[in-house]
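Join the two chains, each given in its own frame, into one complex according to the hints.
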Amino acid sequence: MGAWVQEIYQEITDLDDGDWTSLLTLAITTYDSNYKRNPSQEQSARLAAASEAAAVQASLTPTPAPQAPASLVIQKDYSSAAVLETYGYQTRGLDVSNVSSVASTSETEENNAFKPNGLLGAGQITSSSSFTPNGLLSPTSPFEAESDFPSLPRNLIDISRSSTRTTTTSSSTVIRATSFGGKTLLLRRKLATSARRKLAAATQGRKITNLLDVPFHRLMDEKIKLKSSVASRDYRAPQSSNSSYGPDDTLWVDRYRPKTFTDLMGNDRVAREALEWLKQWDKCVFGKSKGKKRRRDEEENFDANDPHQRPKQRILLLSGPPGLGKTTLAHVIAKQAGYEVMEINASDARSGQIVDDRIRPMLETGYTVKSSKPVLVIIDEIDGATGAGTISFIHKLVQLTQDRARKKGRSSQPGEKRTILRPIICICNDINASSLAKLRPHAAQLRFQKPADVHTVKRLREICIIEGLKAETRALSTLVAVAKGDLRGCLNTLQFINSRNEEVTEAVVRNSTKGMKEAENSIASALNSLFTPLSKKRAKELGLNDEAETRYVSRLSHEVDACGKDSAIAIGCFLHYATLRRHDANFSRFEKANEWLMTFDALSAAMYNDGDFALSPYLPYMLVPFYPLFQERGAPRIERGQEDWDNLQLTKTNEEIYKSLGRCLQTASTRHGGDFRHLGNSPILQLEFAPYINRIISPQLRPINGQHVRPEERVLMSRLVDILATLELRFVQERAEDGQLTYRIDPPVDVFVTYDGKRASDITISRYAVRHLVAQEVDARLASRQIPDIIEKGPGKQSSFFGGAKSKTNNDATSSTQDDKPSPGKRPRTDVAAYIDIADRPPVDFFGRLVQPTNKKPKSGARGTNPLKDTVAQKFNISFKYKEGNSAAVRKAVKVSSFL
Amino acid sequence: MSLWVDQYRPRSLEDLHYHLELSNRLKSLASSGDFPHMLFYGPSGAGKKTRITCTLRQLFGAGVEKLKIDQRVFLSPSKRKIEVNIVQSNFHIEITPSEAGNYDRVVIQELLKEIAQTQQVDLNAKQRFKVVIINEADSLSRDAQAALRRTMEKYMSNMRIILCANSTSRLIAPIKSRCLLMRVAAPNAEDMQAVMQHVSKRAGFDLPPDVAGKIIDDSGGNLRKAILCLEALKMQSPDLSGALTIAKPDWETYCHKVADLIISQQSPARVMEVRQKFYELLSHCIPPTIILKTVADRVVERVDEAIKADVMHWAAVYEVRMRTGSKKIYHLEAWVVKVMSLYKHFLFDMDLTGFDD
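Here the protein sequences line up with chains A and B, keeping their order.
Counting in the numbering used here, the first sequence runs from 1150 upward without gaps.
Counting in the numbering used here, the second sequence runs from 31 upward without gaps.
Keep in mind that the hints are not guaranteed to be accurate.
[Said to hold, decoys possible] Simulated coverage check for chain A against chain B, where a stretch passes if three residues somewhere in it have a Cβ under 8 Å from a Cβ of chain B:
{"hint": "1", "stretch": "1480-1488"}
{"hint": "2", "stretch": "1716-1728"}
{"hint": "3", "stretch": "1792-1802"}
[As the list claims (entries may be wrong)] Here are the simulated lysine-lysine pairs, PhoX-like style, with alpha carbons at most 25 Å apart:
{"hint": "4", "chain 1": "A", "residue 1": "K1741", "chain 2": "B", "residue 2": "K323"}
{"hint": "5", "chain 1": "B", "residue 1": "K244", "chain 2": "B", "residue 2": "K231"}
{"hint": "6", "chain 1": "A", "residue 1": "K1374", "chain 2": "A", "residue 2": "K1408"}
{"hint": "7", "chain 1": "A", "residue 1": "K1907", "chain 2": "B", "residue 2": "K287"}
[Unchecked claim] Calculated from the model, a selection of chain A residues having no Cβ within reach of chain B, i.e. all distances over 12 Å:
{"hint": "8", "residue": "R1325"}
{"hint": "9", "residue": "M1414"}
{"hint": "10", "residue": "M1491"}
{"hint": "11", "residue": "K1519"}
{"hint": "12", "residue": "R1623"}
{"hint": "13", "residue": "K1633"}
{"hint": "14", "residue": "Q1644"}
{"hint": "15", "residue": "T1681"}
{"hint": "16", "residue": "G1713"}
{"hint": "17", "residue": "Q1815"}
{"hint": "18", "residue": "D1824"}
{"hint": "19", "residue": "N1854"}
{"hint": "20", "residue": "A1909"}
Simulated from the structure, these hints should not be mistaken for lab results.
Every value quoted in this text rests on a predicted model; they were computed, and no experiment measured them.
Ideal Cβ positions, reconstructed from N, Cα and C, are used throughout, including at glycine.
The shape of chain B in the complex, shown without the other chains (with noise of 0.2 Å):
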């Protein structure tokens, strides 16, 4: 059995709660026989995916909905042995090329030509093309976007690109220029009171608005991290009474302690117990740039007014630096150590300047 978040996902375009005019013109582009390739942008659990899913079911009828998933093996120049996950359909593929890593232009290049060189045999079809789903687009290689390029306007008879991002601004411009840029923002706290309320129902209890809110308040606009919040309290305390503890995950609430002890006290032992932690969240697999940002964003809620925008400045440069590099953990460090610097000085109020020199 599946989790809600997929249980109750919107099947087609008319199910979607939210983003109506979106939907409203989505529909509108799958009966009009010129679909061109889209790039859905958005923040993470915005429905991106969803819109996608639901698209294609316009375009194609319940057929899509017959997935088949397999893995296929692509060479790498150095002969070495790249597995990719592959969803598809009769009309469509799915692909997540970031799983190949460097090699994605590889995948790109064979896995398109391929599909686009073969022609819709099902003279049933609705549409002549086949749909090819690119996921991450944004963490696509340059080598592999640049493979992309010519593909998209070569094989337009056969075949249409949707890609899907989290942001445009990794991808380059000609790929932009080529496709139809499909914003899906985040949605709003009402619209996801209402798909929460709808999940609740269908799932047969009830939701009191209070808690729902609570949840959408720490979901920060992510649905399919509201809704596995939701299940999650559901299993943990099914009556949905007393004092209920919205669970934060764990890496989250873990960045929040670190943040902590960079405020309470700054020394070179401070230092060293903050390393422990990133370590121990590096660790955990956690994105550094993620930790950064939560980190931040918890010392930028804490510290006083006047210094909030030099967290924030060296967070975004350390950042940049910490992307260019390779040994994250002295980024991360090295953010520590501003900050712990600059909150010495507001605190001190003067110049530490030649103080111990």
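Looking at chain A on its own, in the form it has when it is part of the complex (with noise of 0.2 Å):
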């Protein structure tokens, strides 16, 4: 039926204004000529008829009522009966006069409804250009033309919206009319319904065949309440803001909230990401398995070794800035895989406790208890709450997705914990949070991106005309600029322009946006509006004017402000300043910035150090005049440096090397009767000792055989062997990048004599071979230190016995562990070193003088000797006990007669 009366429509706007008479009559004859009924049903199907057909023309302009009952049913066909339904609600309209203004107006216009009105001019041309068939009333209908009816209520646009639909069951493509002047027309029909909407026709008007045996006043009432609850939540259904039921009480946000996976904009990728993470749980959680198409895909993420074969990272973390629709997509997503969600945000406590009280049972039933759905958890906010309890509910989380389902014939144990089986979704603003530092190598992380501005106008504007606000492209793009792409905010302020019965113009919006400007900043861009000139865009989104824009205090301390980190300005201020071009011939500029520097360096100070936090406001502007001082335009964008975070981590290493070589020297004081202890303390040790302990240790040597070496080098040798073993600098075996062996010293004391990555050139570097050679007598020397603590528990007699036996021992360790490389012309050296070093003892040396050839000591094992002396009762009766491997778990006893 809509279709014909469009074609009248049509028809109509080719007539003259003033022939609405004309006008019923043709309606009449084009319904007549096309649908034989029986009368009574004819008679109200035309009346309905021409009423839409006039509704159209004149913008709603009340019919006179018709005489049809309201009560009328008629089970025919869907055209009739949504014909019928139009009908019953013009009707209804003048009865229950809930349509003030349809009821008002109905009287008055009895008699005149026909004949044009002032509304008919316009509303005909605007609409009749942008009119298509269907169009007028279907979804997709230009929404002017709806807004233009104010006083029609929501539902009943509905219904007969769902009666132009269905009227699509005429067969001709000609009508024949014949006007009141006796004139005949020639109507052509058009096949208007896409396959689409028919397919939405019918499952909409399906609803209503079924329940048309049920008195249609009720079904009326029945469908406004269900409209009206539905109305709420349904997006897409258009909704007048002042429409005479129900007031406005929800939020917009709430309102227009994505209920779908496609109603989602913006961030796609994102979005689709996500749910293909969610998708890889389906195998877990739902038992199926995918099309074969995805295997491959999934084969990466999954955990081969996972039974349930979950998605490898079993947690989602989607991280960005508010208002960009996170909480929106894990709920669409969840909703779109099927899942229940169960949310827990900042608004709960946050605790160890709460994983192990609500999460965890939840995931370990997987159900709710009201839904059949498996559950999905989305923990919002995670980075919001720091309160003490942050960490421990983090890593409690984090244990939760990494436990493993444990041994079958352990599982019976009352609070044995169970594998998790359904998935997490976190959702944080700041991924780099600290709190989220344990999370973070757990969870699949997603990014979300500001979306182009474009996007978020285009979905403002609709909700806008959907709202029925009349709103300024430009001054919606101006609102998202303002906000930043946040879209809550937009629509927040777009509902608070509504409720005060504004168009959005771009000063409402300016006035409206007044807090909102300077909500989130970082670094780098305070950084880059100190040091540049406002673009003139920028100026526009801030709707200065000049004059403002030349006052830049407030401004600028404004924005350092708000980013809340001041000393990371400062120090980015102070890293760039002396980068930028402008000449400056007698650093008078870089005077003042340094001036600048200080007094913030000395407020801060104050502040930190007395804990006087009322200076902090006015640590910004300490900032500001680098504005003045140094902004140019065209300068490079501002990165933030990373000199002063490098040269403190760099510090923090060198101070704990001074750390450990103060530990050295403690232990050289402790045991020479506190013969170093001075030269431990604070700037001493970094002035005095560092840089001379480095040349004391590196003599020239030359690396030859020991049997060839001169006395006085001998002499040399001794002494550095010396002061290394007293104050335990070790030379360690290291293997570079190119698989070059080298000595390194530990701790690596040669950092003190290197600047810039070069050594002091007055000091020699010592070769590998050099090294090797004094790394032996270090650790010789160390190991013989060693003795004497255990001979002070043994018999005094046997002390020199053991201490060479200690000591070849060790030195066989070391030679064994160290010396795989060397060439074989250095192996006898070592020996010859450890004889040296041995060689005023006794000739009584168990294992040294080799008497017993039979009883060779095994050198593979030799890492892990400790030789025990558990019982010495004569002079060469020895019990010894060696155990095989280097851990607890694998070793065991071994007799010595395995070994012969």
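Written out as structure tokens, the structure reads:
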């Protein structure tokens, strides 16, 4: 029916404006020619048709009240039923008079209803151009037309829409009509409906047919109720803002929250990836495997060892600035994938306890109490709460996901943890929050970006149209720019404007977003505004005029303040100011900048040292002067410098080295009656001891065979070894990246003579062979030093005996561990060195003199050798307990006989 | 085996080579039986600690040389653990409260009270009191110094305190007035020469006086540094012949490089370069005040007389600011910019103000 009504309408546009009675006749005749029905129906149908046509034309000027009863029941086809609905609403509008304007105007206009009125002209012209079959009242119809009907209850438009949709039964393509003037008109019929619309119509119409044996008014009431409940949720359902029933009590943010996956806007890739991740759980949760096409992707992400075939990363971490729809996405994909959502957000307490009490049972059972759907846990604002419990919360959460199924034999124990078979989605704003550090490696991370402003503006405009809010596109883009893509903020602002019945103009937007401007600011952006003049575009965004543009102090101080990291910005300024190109002949600007930096430092030091945080509001002002001093148009974008941070890290590393050197000195002083203790104090260690000890321990030695060493060199060598051994400085063998073996001193005291990556020129770099030689000597010395401790406990008689034994053993051990690579030529020297070391000992050496060639020590196991003297009953009666292996798990006692 | 610095350190007051009148005074004080609290002050490497140890030996005999070194853990008010190394004998205890950082007050209070409230039990001990040596007394916080005040008076019968500091300026007046001040001046060149010769003789080699002279020149009155330097030299070139280079600490060489950079060119690029060097120095844990002082000294050496005073003046100004501030590099760089500006003005001999504005 709608189709032909529109055709009539098209004709009408060609007709004389005044000829309204002819129009009505035309409508009726047209209808007659197409639909032959019983009279009673026909009459009402005719009237309805006419009224609809008139409504279309006259922009809903109420038609004269037809006499047909409201309870008329029509069973035949959709079209007539729908017509009746349309018709019914007209009568209802009069009877119930809940549409006040309809009621009030109906009588007065009864007589001249079909006379042209003022609305006709304008409405006609604007809508005729965009008129398509079915277009006017269908969901995709231009909304201007609808919003022009302020008094029309929402549900009624819907009904009439359904009626127009379903009128597709006619077969003829040309309609013949006669006007009152006797003119015959041929109206060509257009095949109007697309397949999709038909489908939609069918689904929508079905319910109505099924219910039609219910009295119509009851049906209407039901429908109204249904509508009012659905309307608030249905995004696509157009809603008149000042509809006569139901106060506007929902936030637009909630009303236009995307309900399905396809409604999502922006961040398409993130949305898809999130859904994909969730889909990977299907196998585990629903037990069904997906199509073969996806198999390849799965193999990458799946943990092969996992018996439940869960994704490797069992937590999804969504991050991004507020208002971009992270929470919405989580809910939508959960719904899409068929989960029941359990949400935990910052309003809930957050402690490790919660994980045990709520999350774990939920995840273990897998279902919520009410629903049969599997549960999905959304932990919102996971970074938000920074209380004491957060860390343990995250720790427990990570543990939760890492728990493996225990062996079956033990699983019967009460309190046994079961594996988690349900997905968890965490949502945060700042992915780099320190509290999340533990979570990050275990989570699949997805980052939300701000969608392009165009998309946001488009969505906002759609909403404005639905809400009947007049909005300039310019104003909307301003709003989006100010809000920095925060859709929630935009919507709230719009609703706010709407509630004051204002139009959305730029001025209004500026006015109502005053507080929003400096919501969040990064260090880099603050730095950039300090060093680059305000761009025209940004000035416009901020709505500044020329005069306000030149005033920078409050603008910049606000910006710095909003960032909240004054000292980081100060460092940024410091790192940056000297790199600028602007010429500064006498350093006057540099001096000024430094003055400001020092004032900043003095203030912040006073603030932090004395805890006087009342000073903090003044800090941003100390950085503002960089703007007049250094602003430079066209300067490259400033990145946050890393130098200061790197330096800090390096300092920390070096401090550690100093500390370990200090510890070495301390042990040395313990051993040597407090000799070294004065060297370890704070400035002396760095300024005097560290540089000189490096020189003392790097004499020039020749890497030659020990037997050819000159006596003075031998003295030098022994002195060197003495010092190294006293300070417990060792040379540790290391393999460089290129496979070369090197000896590194440990602790690495040589960093203190290395500036700019170069060693001091007066210190010769000792060669590998020399260091090798020294290393062995030092190790031998250190090993022999441990012996006295052991001897003290044993019988004094045995001291030299065991001393020798121990020394030799250890020497063997060290040479076998450290001496894997060197050329065989060096091998004898090791022995020589060791021999010198023990030469003054009586030749009763147990292992050294090899009196028992059969009792050969195993070289391979020497590493873990820890000779214990269990019983020394007689002089040579020794039991030697050797345990093979190097971990307690595999260690076992081995008898000497097994070596023989 | 110990380094020469320790190995040939004089053990008794008689062995000391210089400041003989000071040694005599200490000797008579130690034998008088009325030993006061003392404050030894003087530059680094002048022999304060050596004199303190010698005095202790004079007081208590050889028993003080039996040292025991251990760590004590103190609890800060916020229940943080503070570890402090303690060197002690039966007769004395030696602490460095600055190890505890901000909590040095806790260390002072707890440790001193504990010592002060126990009487000497050893009846054979020569003195009825114990001695507490507080190293780096000038870095004691105000709180710690205040805590020391009353303790010094109240427990006089059980305890004597020997403070050791570089300068008295950072000690509060009440502390100074309770102590007998002992200034240990840096040795002059002849004294140092004598000590060096003594060390070389004990170590068994001949030290040519000119080599010793060079080392002494470089050491700036710091005997410890001189002996360390001597040992390094001996290790590197054992025969002490040929062209010897006296090793300077690397940070010092580096500071001189920085000074040269400042003088050779004044430009923003150079400022950045110098900043890099400062960062390098700071990362080697060289105290920023020392950096500033060393660089300033070198700059003053090389610039014209006319601006020497200015350079030093500003160095002093920025050092004060640096001590109050927390971000040292700002102040170092501010000084560099200032010096560059001064130097440029001097070079062009005109007021450049308004040149590029």
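Right, here's what the structure says about each hint:
1. Counting residues of the stretch 1480-1488 of chain A whose C-beta sits closer than 8 Å to any C-beta of chain B gives 0, which falls short of three, so the coverage hint is violated.
2. Counting residues of the stretch 1716-1728 of chain A whose CB lies closer than 8 Å to any CB of chain B gives 6, which reaches the minimum of 3, so the coverage claim holds.
3. For the stretch 1792-1802 of chain A, the assignment as covered by chain B holds, since 5 residues bring a beta-carbon within under 8 Å of that chain's beta-carbons and 3 suffice.
4. At roughly 23 Å between alpha-carbon atoms, K1741/A and K323/B fall within 25 Å of each other, so this suggested pair holds.
5. For the suggested pair K244/B and K231/B, the alpha carbons sit about 18 Å apart, so the restraint of at most 25 Å is met.
6. Proximity of K1374/A to K1408/A is assessed by CA-CA distance (about 21 Å); at most 25 Å being required, the pair is judged to hold.
7. As the CA atoms of K1907/A and K287/B are separated by approximately 14 Å, the hinted pair is consistent with the 25 Å bound.
8. At the 12 Å boundary, the C-beta of R1325/A stays outside the reach of chain B, the nearest C-beta of that chain being 90 Å off.
9. At roughly 45 Å from the closest C-beta of chain B, the C-beta of M1414/A stays outside 12 Å, upholding its exclusion from the interface.
10. Consistency note on M1491/A: stated as away from chain B, and its beta-carbon is indeed over 12 Å from all of that chain's, at 39 Å minimum.
11. A cut-off of 12 Å between C-beta atoms confirms that K1519/A is not in contact with chain B; the least separation is 48 Å.
12. Once the 12 Å rule is applied to beta carbons, R1623/A is consistent with being away from chain B; the minimum gap is 41 Å.
13. Separation of K1633/A from chain B is adequate, the least Cβ-Cβ distance of about 31 Å exceeding the 12 Å criterion.
14. With a least CB separation of 47 Å from chain B, Q1644/A remains clear of the 12 Å interface cut-off, as annotated.
15. The non-interface label for T1681/A is consistent with chain B: the shortest C-beta to C-beta separation is roughly 18 Å, beyond 12 Å.
16. No Cβ of chain B approaches the Cβ of G1713/A within 12 Å, the least distance being about 18 Å, so the stated non-interface status holds.
17. For Q1815/A, the non-interface assignment is contradicted: its Cβ lies about 6 Å from the closest Cβ of chain B, within the 12 Å cut-off.
18. With a minimum CB-CB distance of about 4 Å to chain B, D1824/A fails to clear the 12 Å threshold, and the non-interface call is violated.
19. Interface exclusion of N1854/A from chain B stands, the closest Cβ pair being 20 Å apart, more than 12 Å.
20. With a least beta-carbon separation of about 5 Å from chain B, A1909/A fails to lie farther than 12 Å from that chain, contradicting its non-interface assignment.
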